[in-house]
Every structure is written in structure tokens, then in C-alpha cells.
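Asker: Sequence:
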Amino acid sequence: MAAIEEGGVGRRRLSGREGRETATVGEGREAASAGRVGGEGQEAAVVEEGPRRRRRLRERGEGGVVSRRPFGFCLPRRLVRDSKPLVAMERSFSAGQSAAAPARMTTVSRHYFGGGASEDDHDLRIDIIENIEEDYGMFVWPCSVILAEYVWQQRSRFSDSRVVELGAGTSLPGLVAAKVGADVTLTDIAHNTEVLNNIRKTCALNDANCNVLGLTWGDWDEPIFDLHPDIILGADVLYDSANFDNLFATVSFLLENSPGAVFITTYHNRSGHHLIEFLMVKWGLKCLKLLDGFSFLPSCKAVSLQGNIQLVEIGLDKEKHK
1 MAAIEEGGVG RRRLSGREGR ETATVGEGRE AASAGRVGGE GQEAAVVEEG PRRRRRLRER
61 GEGGVVSRRP FGFCLPRRLV RDSKPLVAME RSFSAGQSAA APARMTTVSR HYFGGGASED
121 DHDLRIDIIE NIEEDYGMFV WPCSVILAEY VWQQRSRFSD SRVVELGAGT SLPGLVAAKV
181 GADVTLTDIA HNTEVLNNIR KTCALNDANC NVLGLTWGDW DEPIFDLHPD IILGADVLYD
241 SANFDNLFAT VSFLLENSPG AVFITTYHNR SGHHLIEFLM VKWGLKCLKL LDGFSFLPSC
301 KAVSLQGNIQ LVEIGLDKEK HK
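Just so we're aligned: 128 in the UniProt record's numbering is position 128 of the sequence shown, and the numbers increase by one with no gaps anywhere.
Please note that the accuracy of each hint is not assured.
Restraint ranges, calculated between C-beta atoms of paired labels, are given here [claimed, not checked]:
no.	residue 1	residue 2	range
1	Asp317	Arg200	32 to 38 Å
2	Asn257	Ser159	20 to 26 Å
3	Asp292	Gly315	41 to 47 Å
4	Trp220	Asp121	42 to 48 Å
5	Leu291	Asp317	17 to 23 Å
6	Asn308	Gly115	26 to 32 Å
7	Gln153	Asp317	23 to 29 Å
8	Leu205	Asn246	29 to 35 Å
9	Asp120	Gly284	45 to 51 Å
10	Gly115	Glu256	35 to 41 Å
11	Ala204	Ser159	21 to 27 Å
The hints are simulated quantities; they were obtained by calculation from the structure and are not laboratory data.
Glycine residues also receive a C-beta, built at the ideal position from the N, C-alpha and C atoms.
Start from the sequences, fold in the hints, and give me the full structure.
Answerer: Listed below in C-alpha cells is the structure:
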């Protein structure tokens, strides 16, 4: 299976065996389709998959039609961020939906770890349910792939640990942690039932026994007091500076509540980097380790990602918490 890498006018094909492959939700007849990648900040354009074609398919009763040809896309303007979801995806229509219901662009992406990190050579496979019509929490972002790979490479450290993932979304890092033996709690915004339900479905799909919890940063609801993690995970949770204080307040509380715990996060090194450093000082935190996110990523995965992504381990500054 081939994926198209974004790059304006010039595009090149990547082997779908290079670390990431997609599978479809539901069954049905296959229909060939072609896709094209728009420029930065533009909306997705999918050739031969417009409303008229979808209407013809519904009229023919082909509710389970699946496009086997992946397409690249840019986010609609309301979803534009500095990074984009991985572009190796398939478009599928949920089997059994009514003819009047709008088509939902649902995918199951497959992520491989260990061995050659490919379909034919891997030690672990995680399947993630994605829906590109929903909000940020329904995509696998590059930061999530990098953090998940770090968890895999540090699996002896995660085995038998208590892990909490903040802003879990599609939960790839947390699911890898669960598969290597961690006791995992996956959290996301408490009122976002769509994302929380998707997390539960993805856990079931991977036969992963994880606790799923609604947790809004900066809110001190009862469930947060029962969390005592050894490791806190967060993939691309540092994207909206308006939420930084609430995030660091939550992280600081969990670290204080769990002596010796560490917060591991991946983020795009944007202009807000200095604000992050300021907030770490403000909340009595310090950087324990800082890595280039691509420094440990297998080349077969790195080739499909982009951006200046950092991985940082953060702990309490004990001098400020005496």
C-alpha cells in the first residue's frame, strides 16, 4: 500500500510497509478512488469521491464501500494546526448506515513496533480508530507516534508501572504502555464523550485493559485525587498556550501526589517554547531530559513525519518543593 507524502507540487510515494499501514472499518465492496494533497492550510480535496459519487453509492446500497487507495489531505480550516495527521489513510463508510446519514470518514490505522516495524516484521501492532470529521482528539498526530515509539523502546521501564496519559485522544502511547505491562489510565476532556467513547472502542479493538477517565486540566474533580502515576504521558498537549497553565497545574498536582513520578511529553518546538520554560519554573518543575524526537525514531517511520518535534521528561524541582 502506498501513501502520498505532502509537499506542495512535488509529491513522492512512500511504501505503506514503512512503519504504518491502514485498515478499514466494516466490510463491503471495494471501490478504487484517487486523492490529491492540497497546499498548506487548504481543505482536503478527494478526486472521484465527491458528494455525487457518495450519493450514487448509497443509491446502489453500497454502504460498506471502502476506498483501498489512501489519500493525503490537509485539515479543514477549523482544524488547522502546525502539524498534520499522518497522511497514509483510507476512507471508509460505516457499514449499515442509513442512506440519509452523511458519510463518516472513519479509518483504522495500524502502527507497528519492534522488528522492522512493518506488517511482515514486528513485535507489536496497535490498531487506532480515527475519524477525520471530529476534533483534534480523533487523529493520530506525529507527536503521538514519536511518544509511542519512545514508550516501546523504554518498555522495561514501563512494565509494571502506573501510567496516566493526559489528553489521550487516540491513545497510541498509552496503549503501547498497556501492551508492555503497565497499569494505564487514559484521560481526555471530561465533557468530550465522543473522544472518550472512541478511546473505549480502541481499547476493546486492541484487547487492552485500560481505565478510561474524563479529566479536564485545571479541574479538581474527585477522580484526579485517586491517580498516583509513576509516569505521566502527554502527546502534543502543548499546542494551545491558553491551556498551558491548566495543563501544568494538573501535571504539578499529579507529580506532587506521586513522589518520584515523571511527565514525558512530545511537542512541536514552536514560538511558545520559552513560555513553556517559564511555566515550568512557575509551577516548580524542571527538565530532566530533552531529546530530538527524530533521534530515536526508526527511519521507516521518520520518513512519513514532519516538524521540529521535541521529547522532554519533566519532574518536580525538589529545591522548590521543600
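Asker: Please name the hints from earlier in the document that this structure breaks, with their numbers sorted from lowest to highest.
Answerer: 3
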